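K.L.:
The lines below spell out each chain.
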Amino acid sequence: MLILLKGGRLIDPLNARDEIADLWIEDGRIVAPPQGRQPDQTHDVAGKIVMAGAIDIHSHIAGGNVNTARLLLPELHRTARPGELSLATAKWSTFETGNIYAAMGFTTVVEPAVAPHQALQAHLELSDIPIIDKATLTVLGNDDFLLSLLRDGEGPAAIADYVAATLAASNGLGLKCINAGGATAFKYNARTFGLDDVVPFYDVASRKILEALQRAIQDLKVPHPLHVHCNNLGVPGNVSTAIATIEAARGLPLHLAHLQFYGYGDEGDHGFSSAAAALAAAVNAAPNVSVDVGQVMFQQTVTISSDVLRQFNGVSSAKPRKSVIYDGDANGGGIVPYLYRESDFVNAVQWACGLELFLLINDPWRVFFTTDHPNGAPFTAYPDVFALLMSREARAEAAARVPQDALAHSTLPSIAREYNLNEIAIMTRAAPAKLFGFKDRGHLGEGGIADVAVYSPDKDIAKMFRAAHLVFKDGDLVVRDGRVAHYRWGKALKVNPGYDKAIDRRLAGYYERHFGVSHNMFAVPEHILPHSDPFQEVACAQ
Amino acid sequence: MKPLVLALEQEPDQRLDLSPLCPHLLEGKSAKEIAEIELQTTREKVTVGDLFHIRAGSAQTIRFEGGSTRLDNIGFEMKSGEIVVEGDCGKSVGRNLSGGNLIVAGDAGPFAGSCMSGGRLEIWGDAGDFLGAPLEGEMEGMSGGLLILRGSAGARAGDRLRRGTILIEGSAGDYPGSRMIAGTLILLGECGVLPGYLMRRGTIVLANPPALAPTFVDCGVHSLAFASVFSRLLEPESRAAAKLLAGPLNRFAGDMAALGKGEILYPA
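Same order as they appear, the protein sequences are chains W and D. Under my numbering, read the first sequence as residues 1 to 542, first letter to last. Under my numbering, read the second sequence as residues 1001 to 1268, first letter to last.
Read the hints as simulated data drawn from the structure, not as lab findings. Note that this is a predicted model, so its numbers are computed, not measured. Take these hints with a grain of salt, some might be off.
What the hints assert, rightly or not - Derived DSBU-like pairs (lysine-lysine); straight-line CA-CA distance at most 35 angstroms:
(1) Lys187/W with Lys1261/D
(2) Lys1079/D with Lys1032/D
(3) Lys187/W with Lys221/W
(4) Lys1079/D with Lys322/W
(5) Lys319/W with Lys1032/D
Stated by the list, open to error - One side of the interface only, derived from the structure: several residues of chain W facing chain D at Cβ under 7 angstroms:
(6) Pro74
(7) Pro320
(8) Arg321
Glycine included, C-beta positions come from ideal geometry on N, C-alpha and C.
Bound conformation, chain D alone (with noise of 0.2 angstroms):
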């Protein structure tokens, strides 16, 4: 079936919230019923007609054409269906996912996937700080699903990560995996200073580690029976991945300031 494509004519003069735009809420509703809808957050008015040039089709899936860092809210608590993103987003693409594919090919700004509960979201570019993680108050941050970047991160990534699995292909800014409640972050290239910085348990996979927090205790290599069941799962997904787990890997267990049953993996 035919996407609905949403071309966007021109960069938005303010920042925009998307929530509106997500394939359960469009379901069955017409091109004009779609242009009518408003997404401004000023006193300014601006709907979807002013802003887009609307291509019908079926809502299950979504294509934009075009993108910029001032569309927030892309995919927010989107269940099922499909949204892609020729281009970046700003703050909070995927926050509440719980369903579905959400795939951004440009840049993706802050609090991208922020508590999202299952479904996908893959990332081509870079993603802001704070990936995965609950806006202040929350108490826990992603729960479930699979948020795949292909580029870097910026600081906090994966903050109260509580279940799901993190995949990072680029770099990450300091304190990845801080306060990780449970769950898996793995991280391919550079990582910044203290990572699972007050994790109480999960895994954290770094394939270049730095120096780790006196707190996190050296329990020697293993060869992980789980770790190679996982890597054949991430095969698909990102073969770097499925490399890394595959091998023999220290184990650092921590973080022991918190409940120090988590653990930080890399290779041996």
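Just chain W, with the same shape it has in the complex (with noise of 0.2 angstroms):
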């Protein structure tokens, strides 16, 4: 079918367009404005904003810890949407997910938190995500076949055959690193853990585990960097660890989750205070980093997280309170329900950190939109998120109901800059494509995916992106007016790096001598997956 957007304004930052032209989609993808035919369906998108569909680079929506926050949190699926019949509402469910995410232009959404021996569980949930594509990122870090291969000094090519193995067998897109050795030195009873502290019994420091993650990412070719969520999260002036982590990466490329948590100093009367100025200078100042920001937004929320560490010390704050923290195989994981509050002072410095960070980080292409969902929103604040973005005004009509004495370290109040669409569409669509390695999608060239969002301008921003006015996923016409209007599956994104088979040998024996099961417990097998063709193939540069 030959469909025709008539007459919108095009942004296309990856193909350098911002222009009011027509767009043609035929069979699932963009294509050059055929000669002599015409369309079999036109939409007529004259004063609308035509971007590709938005790709969420950092957003928990499936897995065990998610699963464990569902369980936990009962009541949250009772309130979700009052007046409706209870059991439709069920907070985040996976048909939620995919309905809520398409209805705002997203059309693909990665899970960056992964553990192995989860994975089937988590793919099988992706499964159930309609409409949008889906990937997720594998944790390493805290496993003790990796830590024991660090200890006894084996070769880079050693660590890169088991990552390699892992995210085979795991259907990953990318490595991620939850606060690297923190993991295991918690059983150990450590209550804090830094980039230059040493895991006991493996001996080994977690910047030197961090390195040799990343140093198996570049050698494996895998287009994502290795993705980072730091040590010290939360802590007072934990801005030092940030930026020594940064400085660690030496020059090689580095992602790091959720930058906000990270952006705190320890001046003021509180011995808290927002230390994002410096943070983003860093960042600036080194090319190699990409980050997102995990904003926080005053509402009620779940922490859900595998740095175990940090969401044990959390427990005391939580709200309601209750959680559940497990020590598992390698990084565990805590669930910590939170309220972040308006007239609390941590949390208004939270708040400012966040805004100054995407507002202070000059390259919009190395800082990516989240809101760590659900950790530090849900990510159905993202569209009043893009107001505070856009409008200095309503972040002024914001920072006036917060606690003054919050912003009085911040430099939030005399930050004049707004993003506008263009800057707004690389940050969530070009950038992220080019972080991911993705050809086909983020952007609105001929041969792309046709994952098209269309918006109404309105003088409400939050209003604009949170009902998307035409969705296309694959081509397909799947929202309208910010509704649903046809449900598909999409696929979930993957790579797959070539390696040493003798490793699958050594995970044989280790897995049957310690746990007397088989190594690839966790595979995913396509076969498994509901839908038909489930997977779709990242490539690895050559």
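Put the complex together from the two separate chains, hints included.
P.N.:
The following block contains the structure:
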């Protein structure tokens, strides 16, 4: 079917376009204007804004921790949509996740923390999310096998083989490292863990784990650089940890996740302040580093993280007062419900810090739009964050409501910058495609898959982004005026780096010896997933 | 002033959600508007007018003539005024009640008075399990007000009670006052196994105590000044309860398996 989107404003930073033009779609792909043919379907989008479908690079939408959060907070399911039947509204159900993302014009979402042993469950859950494409990042960095390789002084080739074998078995798109070594040290009663602290028993410093994994990803030519959740998340004065981690990258590609949670100084009466300016300067000076923000918004949420050490320390501030901490294989994890309050000094500093990072990091190609869903705020808050980024007035209005002493050490009130639509398109479309090595999405060029979001410009920016006018996924019209019009099933994107199969024999011996199970017990074979042809491979560089 | 009367005409063929029928929600509505309110919990639409014969009156007092165990959520989040149910009701009657007076002349289902924070709930018949208790996931049960049950309660009455008073004139099933955080639970009839299981603080008064868990510690017999004050307060609501608290009381502290700052009292 030939579809024409007529007369919209096309914003396509990857192809350097921002102009009024027609967009043609055929058989799920964007095509050149065909000569002398009539479209089967025409949408008049004059006065509308046409962008590629958005890509969320870091949103916890599936896996063991997400499910544990659902179990811990059944009351949130009841209040999701008052007035409708209670059972139809399980909050962040797979169904709602797909619907809400699609309605906002997002067509690809990356779940950034899947423990290898939970990969099967995570992929089963992802395959139950309608409409959008998904991907996972596989978590290593606290697992016994890796730390043993490092302790025994094995070379980079063995580590790269192990990483590749794990990525292949778990069908990951990239590698995530969460508080490298910290979760293991937690089991030896460590309650703080810095970049140069040494993991007991393994005698390996956190820094060395990070460097080894970064090197492995580099050697395997996986497009997405190592995705790092640094040590000391949420600790006052932790900006020094983040800056040290940036330096530890030694000029090689590195992605720092939810940087806002590392932008804290220890100044002022509360011993807690925003150090976003210093952190943004460090990011600006390190072109090898990309970051996502993890913006905090004031509302009830739940923090879910495989950083078990951090989550254990956060249990006392849980609201409602309940939590789950589990000390499992490798990372373990923690689920701590949390209420970000506008009147709270610390929460206000966090809120300001995130916005400062957005606004002070100059290059929109290296700063990504996230709330670390649901840790800073649920992804349903995205439209409100867009509004804050694009409007100085909206920021000033919101800043007037928070405790003013929280802004005393912040540069936020003095920042005049407003994101424009082109920068929003870079941050949410073009740059993520580049970051993950997607050639087929994040742009509106010919040959790209027809993931297209059409927005109606509105003075109310949040309203504009909350309900897209039209959304196409692979050329199917899935959303009309913010309502899902058509259901379909997306794919999971993954990489498949080659490796020396000798590591499989070693892993087989390891699992047999320690657990008495097959080493590929957590592999995700295609035939197990409910939809046919569930994966799409993203090529590694040659 | 004349009350608003809703006379049940037939047994409903599905469970109904009566939470819209609260004094503060019906204030100023005409009988026609009230008749159009939807109550269904299935796909089959049912309105107030389909089920009830409506006699208009001030919505500050709502009288249900006739009841059914399928009528759920009566008095949900009620803030003021009065509701009288002349019959049975289903689950969660008086859930989140914060003010006003709610009377059930028949039996109530489970979760009666769930998480109520004020006001007064009186049930003349029996109540199901989890009297005053929170729903799954919630951390606190009843947190204020007065809940009087003239009949008997099911299991786990007063689960996670936080504040306020529950008075049961009949008997109670197993684990009354389980996980109590604070507040007072008075039981005049027979008591099931393990009262005060994992209670942290608060007071349970039993007329007929069963064997207590070994995690309750005997503190001897007391003539508590507060008990006699409380006795006088309860006199208008229940003479039997007042009498129970008037004499000397055995005091057991517990549950030592939890915080252990609670107490179980029974006549010496």
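K.L.:
Run every hint past the structure and note whether it holds.
P.N.:
Okay, the hints, checked on the actual structure:
no. : hint                     : verdict
1   : Lys187/W with Lys1261/D  : holds, 33 angstroms
2   : Lys1079/D with Lys1032/D : holds, 24 angstroms
3   : Lys187/W with Lys221/W   : holds, 33 angstroms
4   : Lys1079/D with Lys322/W  : holds, 29 angstroms
5   : Lys319/W with Lys1032/D  : violated, 43 angstroms
6   : Pro74                    : holds, 4 angstroms
7   : Pro320                   : holds, 5 angstroms
8   : Arg321                   : holds, 6 angstroms
Of the numbered hints stated above, the single one contradicted by the structure is hint 5.
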